[in-house]
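Input sequences plus hints: build the corresponding full structure.
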Amino acid sequence: MAELSDRDIDFLQSLQRGQTITGTITEIASFGVTFVDIGGYTAMINIPELSWRPIHHPGDVVAVGQTIATEILDIDLERGRVSLSLRALQRDPLTDLEHRIGSVVVGPVTKVVPFGAFVRVEDRPDGFEGLVPKAELPTGHPVDVGDILTVAIAEVDVARRRVLLSLSPDGSPRSPDR
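Just so it is clear: in the sequence shown, position 87 is 87 by full-length UniProt numbering, and no numbers are missing.
Be aware that one or more of the hints could be misleading.
[Stated by the list, open to error] List of simulated lysine to any residue pairs, SDA-like, C-alpha gap at most 20 Å:
hint: 1; residue 1: K134; residue 2: L89
hint: 2; residue 1: K134; residue 2: I148
hint: 3; residue 1: K111; residue 2: L77
hint: 4; residue 1: K111; residue 2: T139
hint: 5; residue 1: K134; residue 2: D123
Quick caveat, the hints were computed from the structure, so don't treat them as lab data.
In this text, all values refer to a predicted model and were calculated from it rather than measured experimentally.
Right under this line is the structure:
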C-alpha cells in the first residue's frame, strides 16, 4: 500500500465517525464496492450499506457522477480507508412492516427451500420477503416459485432482518394465471 501524503493524513484526522459527509460516486467496482470522492479523497461503501432493502447490484441504488450524503462508519488511518454508509441516513422501511403484524397480505412465492417458502409481502420488486415455515404449508398442494399465497405477518425481527409469516386460512397456493 502506498504511503499517505501529509494532506491525506490531515484530511483523515479531520473526519469523525458518525459525521455526515457529501461525496460524488466515482466508480462502482465489479466486486460490489462503490467508491466515493469526499473532498479529493476516495472512500468506499460496501453493498450492505447502500440500502435497507435487498439489492442485487450497487447500480440499483447509485450511479457514477451522482452526489450523495453519507455517514462515516469508520476511519482506518493505518490502511488509509474510510467506510461510508448511505443507509445510515435513511429510515429503515422494515419498521413499517413491524407495525403491520397481524395484517393479511397477498404475494408471490419467491423461493422454496427445505424449511419453507419465501413470499414477497410488499408489492415492489425490492420488497421484503418473509418465510412461511414448512409446517404451515399445505401438504396436498406443493408450492412453487411464482404461486400467489395469502399470508399473515406473524413476526418481524428488525435486528435480524427476518419476517415470519403464517398461511392464512384461505391461503392455499394458486398460480399467477388463476
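### Distance restraint between K134 and I148, which requires alpha-carbon spacing of 20 Å or less
holds (16 Å)
### Message
Check the hint pairing K111 with L77 against an upper bound of 20 Å on the C-alpha distance.
### Response
violated (43 Å)
### Query
For the pair supplied as a hint, K111 and T139, is the alpha-carbon distance within the 20 Å limit?
Holds, because 17 Å separates the two Cα atoms, which is no more than 20 Å.
### Message
Between the alpha carbons of K134 and D123, is the straight-line distance 20 Å or under?
### Response
violated (23 Å)
### Query
Is K134 close enough to L89, meaning Cα to Cα at most 20 Å?
violated (37 Å)
Checked against the numbered hints given earlier, the structure breaks hints 1, 3 and 5 and satisfies all the rest.
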